[in-house]
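Enquirer: Number 152 in our numbering belongs to position 143 of the sequence shown; there are no gaps in the numbering.
Simulated from the structure, these hints should not be mistaken for laboratory data.
Beta carbons are placed, not taken as given, at the ideal position from N, Cα and C, and that holds for glycine.
Mixed in with the good hints, there may be bad ones.
[Unchecked claim] Computed spacing ranges between beta-carbons, pair by pair:
no. : residue 1 : residue 2 : range
1   : G37       : G79       : 37 to 45 Å
2   : Q164      : A32       : 26 to 34 Å
3   : G174      : S208      : 18 to 26 Å
4   : S113      : A138      : 16 to 24 Å
5   : W72       : K27       : 16 to 24 Å
6   : R228      : A32       : 42 to 50 Å
7   : H196      : R24       : 32 to 40 Å
8   : A138      : G37       : 31 to 39 Å
9   : R23       : R228      : 30 to 38 Å
10  : S225      : E66       : 35 to 43 Å
11  : K75       : A139      : 30 to 38 Å
12  : E66       : G286      : 16 to 24 Å
[Claimed, not checked] Below are the BS3-like pairs computed for lysine-lysine, each with C-alpha atoms no more than 25 Å apart in a straight line:
no. : residue 1 : residue 2
13  : K96       : K75
14  : K75       : K61
15  : K61       : K96
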Amino acid sequence: MKLLDGKDLAAQRRRQLKRQVAALRRRGVVPGLAVVMVGENPASQVYVRNKKNYSCEVGVRFWLRKFSAGASEAKIIGAIKKLNQDKRVHGIILQLPLPSRLDSLKVISAIDPIKDVDGLHPMNLGLLAAGRPLFLPATPKGILDLLDHYQIDVQGKRVAVVGFGLVVGMPLSLALLHLKATVVVAHGQTKDLGSISRSADIIVTAAGVPNLIKGSMVRAGAVVVDAGISKVGGKLVGDVELKTVARKASYLTPVPGGVGPMTVSSLIANVVQAAKGF
Numbered sequence: 010m011k012l013l014d015g016k017d018l019a020a021q022r023r024r025q026l027k028r029q030v031a032a033l034r035r036r037g038v039v040p041g042l043a044v045v046m047v048g049e050n051p052a053s054q055v056y057v058r059n060k061k062n063y064s065c066e067v068g069v070r071f072w073l074r075k076f077s078a079g080a081s082e083a084k085i086i087g088a089i090k091k092l093n094q095d096k097r098v099h100g101i102i103l104q105l106p107l108p109s110r111l112d113s114l115k116v117i118s119a120i121d122p123i124k125d126v127d128g129l130h131p132m133n134l135g136l137l138a139a140g141r142p143l144f145l146p147a148t149p150k151g152i153l154d155l156l157d158h159y160q161i162d163v164q165g166k167r168v169a170v171v172g173f174g175l176v177v178g179m180p181l182s183l184a185l186l187h188l189k190a191t192v193v194v195a196h197g198q199t200k201d202l203g204s205i206s207r208s209a210d211i212i213v214t215a216a217g218v219p220n221l222i223k224g225s226m227v228r229a230g231a232v233v234v235d236a237g238i239s240k241v242g243g244k245l246v247g248d249v250e251l252k253t254v255a256r257k258a259s260y261l262t263p264v265p266g267g268v269g270p271m272t273v274s275s276l277i278a279n280v281v282q283a284a285k286g287f
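Generate the whole structure from the sequences, applying the supplied hints.
Expert: Structure, rendered in structure tokens:
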């Protein structure tokens, strides 16, 4: 079994992005990312800090617009509209999840689609369904880049995507279909997940359920990509039961150090892409 090392690849991409940003700066363009965060979700605070650190390392300007958990939709949307008009800002992301009382889709829809570097605006998701996205959402982009780096071709392969969330499962499924994979999507109501996963050449799981995917559910030689994140006993874990799956898989992403670093790298790559278009 070989590890799909997202940390190492993200470090390589960091150096490439740093050169691209330097070239843009010489032309007088400084890429800028604004993150809108609501509340004090501990995981979100970690993710935002990672985005800020990566941005600073490659020379991307970073702004954080932070709101209390009780902030109104109107106030948050008003701030987003101001960022839409700010020429220094090339990319805007809404840090998810939002407090449950807020309508995530409504708030995301306030982002100008050409600054929607997370690729979650309804217009961009529609373009993704048509195979022509402005921006591929960061986690699916990171997963596909990681597979490509290790020369794992998805064309014609049976791919099981476990989880159908807005951030990972749904956009990844659409992207894989356009790459000519045969895709089966599993979710919380799926019956007999094991029979689906055992038939797959590639499994991508993003359910957020520790130890969901066990060795008995994986065919010998399958590629397993773990995009799930949970905390157990103060440690970050994925959806995969590592010991048993490692005995069956040909390739496996570690948690942490697999998909996570690639997500941040892909997001900043989208910001640089947006800056090049201005």
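Enquirer: If a hint holds in the structure, say so; if it does not, say that too.
Expert: Results of checking the hints against the structure:
no., hint, result
1, G37 - G79: 37 to 45 Å, "holds (41 Å)"
2, Q164 - A32: 26 to 34 Å, "holds (33 Å)"
3, G174 - S208: 18 to 26 Å, "holds (22 Å)"
4, S113 - A138: 16 to 24 Å, "holds (19 Å)"
5, W72 - K27: 16 to 24 Å, "holds (20 Å)"
6, R228 - A32: 42 to 50 Å, "holds (45 Å)"
7, H196 - R24: 32 to 40 Å, "holds (38 Å)"
8, A138 - G37: 31 to 39 Å, "holds (36 Å)"
9, R23 - R228: 30 to 38 Å, "holds (35 Å)"
10, S225 - E66: 35 to 43 Å, "holds (41 Å)"
11, K75 - A139: 30 to 38 Å, "holds (35 Å)"
12, E66 - G286: 16 to 24 Å, "holds (23 Å)"
13, K96 - K75, "holds (20 Å)"
14, K75 - K61, "holds (14 Å)"
15, K61 - K96, "holds (19 Å)"
Checked against the numbered hints above, the structure violates none of them.
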